[in-house]
Amino acid sequence: GQQVQQSPSSLVLQEGENAELQCNFSSTATQLQWFYQSPGGSLVSLLSNPSGTKHTGRLTSTTVTKERRSSLHISSSQTTDSGTYLCAIDPGNTRKLIFGLGTTLQVQP
Amino acid sequence: EAAVTQSPRNKVTVTGGNVTLSCRQTNSHNYMYWYRQDTGHGLRLIHYSYGAGNLQIGDVPDGYKATRTTQEDFFLLLELASPSQTSLYFCASSDADRGKDTQYFGPGTRLLVL
Numbered sequence: 210g211q212q213v214q215q216s217p218s219s220l221v222l223q224e225g226e227n228a229e230l231q232c233n234f235s236s237t238a239t240q241l242q243w244f245y246q247s248p249g250g251s252l253v254s255l256l257s258n259p260s261g262t263k264h265t266g267r268l269t270s271t272t273v274t275k276e277r278r279s280s281l282h283i284s285s286s287q288t289t290d291s292g293t294y295l296c297a298i299d300p301g302n303t304r305k306l307i308f309g310l311g312t313t314l315q316v317q318p
Numbered sequence: 084e085a086a087v088t089q090s091p092r093n094k095v096t097v098t099g100g101n102v103t104l105s106c107r108q109t110n111s112h113n114y115m116y117w118y119r120q121d122t123g124h125g126l127r128l129i130h131y132s133y134g135a136g137n138l139q140i141g142d143v144p145d146g147y148k149a150t151r152t153t154q155e156d157f158f159l160l161l162e163l164a165s166p167s168q169t170s171l172y173f174c175a176s177s178d179a180d181r182g183k184d185t186q187y188f189g190p191g192t193r194l195l196v197l
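Chains as they are written, first to last, in the numbering used here: chain A, 210 to 318; chain B, 84 to 197.
For reference, chain A alone in the conformation it holds in the complex:
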């Protein structure tokens, strides 16, 4: 089965609403990374957060390692936040990432 599962698979919001994206993984994770993929396809690293809570701008990631889950909170969503959000883990210092299938976010004006 899929080692990294993301939910929901898609999400539609009105501009200004908050988004909560979930990532669950079936093995330990020595690294966890959140990415944004634009509708055009480009991939950007948002946060590296293998444990605890990290903030950057309107983004907050909380990872509970022993429960094998991470969340990405987007506050005050904007239309430019639309795209796909990917979660990826390194399952044990392998230096390789295993990706989830992503959450596609659409923010409507």
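You can take every hint at face value.
To spell it out: a stretch of chain B is covered by chain A in this simulated footprint if at least three of its residues, at any positions, have a beta carbon under 8 Å from a beta carbon of chain A; those stretches are:
{"no.": "1", "region": "127 to 135"}
{"no.": "2", "region": "171 to 178"}
{"no.": "3", "region": "184 to 196"}
In case anyone wonders, no lab produced these hints; they're calculated from the structure.
Just so we're clear, the structure is a prediction, and the values are computed from it rather than from any experiment.
Glycine included, each C-beta is placed from N, C-alpha and C at the ideal position.
Add chain B to chain A, keeping to what the hints say.
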């Protein structure tokens, strides 16, 4: 922010053709990676390398060769391209082994095999 570039950005070839995808990173990262992205499968690792002359097998290596000629340059080779290799290909690099294993991605190459 790490700089990773890929060329070409788009490529069309025919079944049986030879294709070389190029990747360059300019931040002296030790690790470099090649991924493919397909609907329903997400991003999957093809090959990776931890330095010039090194090659490690990824999760979906069949039909692909790769070569790391320098610290900066990593190439993906499709010697007999097949339609199943039509995909979006990404290169990435990271400074793993120095505690900085965030991966930085290039802009991607869209490959169409007719």
